[in-house]
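Number of protein chains: 2
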Amino acid sequence: MVVREKILDMVVGCFKRHGAKRLDTPAFELKEMLTEKYGEDSGLIYDLKDQGGELLSLRYDLTVPFARYLAMNKVKKMKRYHVGKVWRRESPTIVQGRYREFCQCDFDIAGQFDPMIPDAECLKIMCEILSGLQLGDFIIKVNDRRVLDGMFAVCGVPESKFHAICSLIDKLDKISWKDVRHEMVAKKGLAPEVADRIGDYVQCHGGVSLIEQMFQDPRLSQNKQALDGLGDLKLLFEYLTLFGIAEKISFDLSLARGLDYYTGVIYEAVLLQTPAQAQESFNVGSVAAGGRYDKLVGMFDPKGHKVPCVGLSIGVERIFSIVEQRMKTFGQKIRTTETQVFVATPQKNFLHERLKLIAELWDAGIKAELLYKNNPKLLTQLHYCEDMGIPLVVIIGEQEMKEGIIKLRSVASREEVAIKRENLVAEIQKRLSES
Amino acid sequence: MVVREKILDMVVGCFKRHGAKRLDTPAFELKEMLTEKYGEDSGLIYDLKDQGGELLSLRYDLTVPFARYLAMNKVKKMKRYHVGKVWRRESPTIVQGRYREFCQCDFDIAGQFDPMIPDAECLKIMCEILSGLQLGDFIIKVNDRRVLDGMFAVCGVPESKFHAICSLIDKLDKISWKDVRHEMVAKKGLAPEVADRIGDYVQCHGGVSLIEQMFQDPRLSQNKQALDGLGDLKLLFEYLTLFGIAEKISFDLSLARGLDYYTGVIYEAVLLQTPAQAQESFNVGSVAAGGRYDKLVGMFDPKGHKVPCVGLSIGVERIFSIVEQRMKTFGQKIRTTETQVFVATPQKNFLHERLKLIAELWDAGIKAELLYKNNPKLLTQLHYCEDMGIPLVVIIGEQEMKEGIIKLRSVASREEVAIKRENLVAEIQKRLSES
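Here the protein sequences line up with chains Z and C, keeping their order.
So for the first sequence, the working numbering puts the first residue at 1; every next one is plus one.
So for the second sequence, the working numbering puts the first residue at 1; every next one is plus one.
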């Protein structure tokens, strides 16, 4: 939990640095609001039992509830972040970092703006967070739904199959092109030459030069949609260069993203494996993803008014797994509490003094603990401090009481100094501010 | 949301000051785990639809899941806090601060310890939080389930009716004794003289002297259970005096607390109304509550092993309502974002420079924003800062570019100073640390 909290603090800190305000929506939505938003994954939605009242479902992500919120409240412009739980009916396979309940951290920009500026900011945020968390090297794959659709069209995929083929492409990070091609031809009934044409494209990835190359591509350059997408990607890379992150971004024609609601730029960050990790088949999939969804808000608005949106989601559960795994590997121990001072006594019948003293520390804002025993042994008390990583111990006994002093002990160095009783709080605060 | 965050930070800060670690449990529990834990309120539990797999329900509070967690993981000792959502099937009546989904903040101490030390700490925590939030004057009512049961027994309530009578007593903060008495006699079939005997007790409240008085009470002093409860309450008040909070605590024989699982000390904090509030019938009920539940963990353990627990729950939703209401009354405005610097330009075609500059600020950890427009008007940009309460504006234009400087403007004073481009980040950080 401590690791989680630190990671979340860092993520939220970045969202705030980019001017987002926090928004919270309820855990359940009307069932009808969630239907037909998630494509093949709709079966993973948790429904509530009909106990009277509306039919409700648990939210599947934070994006659809955000769009519903914007439409319901007629908000035309908003930059918000949301950290919250979402639920999916999956069998938990912890190795991959997928659970039935998990935390999502989303940042979204809603509103009509000049093209690609908010999109570039989303990618900048992903870079800041992934660099900040020091997860190792990463790359963000970028594509555009319109480029994908254009590519399908010029390759000769019938429009009715766009969706199915798109889902297959999405599997390319897990299975090989050969297997994907086989499924396209054998299961989806695509002509082999159509599949091969797709294959030529989806194996391409690169930077701005690849965008230029696609602009010149004899087939793709004939497609209006694809050209729109490529134009936006070119502008995006211009901004990414200004942000100093272009070398982290890869235009990748195999990036598809399964969800139905994306309409423009899409992106997904993956950690680059070290050779050692690749051998252990240490695969965590994507750690952050997102894209542009310009039509989702309109689906919730009675009059169909659109609010263009772009956003990102940080895969914090996977990041938690990675950091935990790494801590295990390096044998790191993390404190689970923040207690600064422990109140101890070597003598019997000192509970009253300990209680008075600890109340004084609490009231001064100092994080303090004692054992809930009338007469604990000194050794037990000191061991507790070592186990819990508490740095300071205040020791009070009969002799100290008589002299009006108190002993302050450093747990690490075992050094003890005597301090006037009335200076205790000040001395502790001084020590804590120094450390 | 900003207000909520500040309140939650303050509450969590207090929990950490008392050495608690954070724990998080899933939003749903097995349906069977929640049954027969909440008495009359069980009908308010949200069940999930049976879509295959286990029958699940949304958690109703954070206490039962905590007890289930302790039993499942065989944890014998733990001090934890939990901030999370819980769900209840109520028609939302926002005036009273009750929703179908709401946030709970719980602190609990599990383990076998010397009596009343953890209980006293729970009350200390409630005092620290309620004082810290400056909600106005408050009092914490304290009673003990065993005193209640003993009282029912000596008054002549048949044991089968303890539960129903207890629930009626719990209503005494909403309806008068006269009405409660009527329900006892007319609806629950209690003999009028039994009801009158109860009435004599439940109208008593006071401090340590009332405990002493009850020890001498001819009827109550004959009941073993009641004496046990009174003995613990006496010890509790001793510790509360050492903590310096005894004057905030009132032994109140009318405090019942509806939930089934309490076994010992129970408590509930209420805000004291000013005469003006009383006239507006500004009633928010209790703002924090809790008690001892020594048998709940055993109910989840296959062998029935008990882990005694004591805890408290802060009614943060009600506190949010109160603080919001007060802010409305005083017309206070709160910033929804934390942006420190806005990057502006008075000229056209300066998007590239703005993007480069803002990336530099973000990379230095400065919270910064710009408008997502190629050519925004300067006035629009300055208005945005005023609306959002952003304190500083960085202004870049052709002249500044030539001279290698930048203008830094204070939004409040409208003062502008020229700064060397390379000193910008340092100067902003200096200004921010001073303010």
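Treat the hints with caution; some may be incorrect.
[What the hints assert, rightly or not] Under the rule of at most 16 angstroms between Cα atoms (straight-line distance), these lysine to aspartate or glutamate pairs were calculated in the EDC-like manner:
#: 1; chain 1: Z; residue 1: K16; chain 2: C; residue 2: E338
#: 2; chain 1: Z; residue 1: K16; chain 2: C; residue 2: D301
#: 3; chain 1: C; residue 1: K367; chain 2: Z; residue 2: D9
#: 4; chain 1: C; residue 1: K74; chain 2: C; residue 2: D301
#: 5; chain 1: C; residue 1: K31; chain 2: Z; residue 2: D50
#: 6; chain 1: C; residue 1: K21; chain 2: C; residue 2: D9
#: 7; chain 1: Z; residue 1: K16; chain 2: C; residue 2: D363
#: 8; chain 1: C; residue 1: K6; chain 2: Z; residue 2: D50
#: 9; chain 1: Z; residue 1: K188; chain 2: Z; residue 2: D173
[What the hints assert, rightly or not] To be clear about the criterion: a stretch of chain Z counts as covered by chain C if any three or more of its residues have a C-beta under 8 angstroms from a C-beta of chain C, and this derived list gives those stretches:
#: 10; stretch: 112–118
#: 11; stretch: 333–343
#: 12; stretch: 406–418
By construction, these hints were calculated from the structure, which means they are not laboratory data.
Beta carbons are placed, not taken as given, at the ideal position from N, Cα and C, and that holds for glycine.
Against the 16 angstroms threshold, does the CA-CA distance of C/K21 and C/D9 hold or violate the hint? 15 angstroms, holds
Claimed coverage, the stretch 406–418 of chain Z by chain C - three or more beta carbons nearer than 8 angstroms: This one is violated; 0 residues, fewer than the three required, reach chain C with a Cβ under 8 angstroms.
Pairwise hint evaluation, Z/D9 against C/K367, where the allowed Cα distance is 16 angstroms at most: Roughly 15 angstroms separates the two Cα atoms, so the pair holds.
Mind checking the alpha carbons of Z/K16 and C/E338 for me, to see if they're no more than 16 angstroms apart? At roughly 6 angstroms apart (the allowed maximum being 16 angstroms), C/E338 and Z/K16 satisfy the hint.
Cβ contact check, 8 angstroms cutoff: the stretch 112–118 of chain Z against chain C, three residues minimum: holds (count 4)
Is the Cα-Cα distance between C/K31 and Z/D50 16 angstroms or less? Given that 16 angstroms is the threshold and the Cα spacing comes to 15 angstroms, the pair holds.
Would the pair Z/K188 and Z/D173 pass a check requiring their Cα atoms to be no farther apart than 16 angstroms? 19 angstroms, violated
Given that the stretch 333–343 of chain Z was listed as covered by chain C, double-check it with a C-beta distance under 8 angstroms for 3 or more residues. holds (count 4)
Going straight from one Cα to the other, do C/K74 and C/D301 come out at no more than 16 angstroms? Holds: C/K74 and C/D301 sit about 8 angstroms apart, inside 16 angstroms.
If you draw a straight line from the CA of Z/K16 to the CA of C/D301, is it 16 angstroms or shorter? Given that 16 angstroms is the threshold and the Cα spacing comes to 44 angstroms, the pair is violated.
With the threshold set at 16 angstroms, check whether the alpha-carbon distance from C/K6 to Z/D50 stays at or below it. This hinted pair is violated, its Cα atoms lying about 37 angstroms apart.
When you check the alpha-carbon spacing of Z/K16 and C/D363, does it fall within 16 angstroms? 13 angstroms, holds
The structure fails hints 2, 8, 9 and 12 (numbered hints given earlier, in ascending order).
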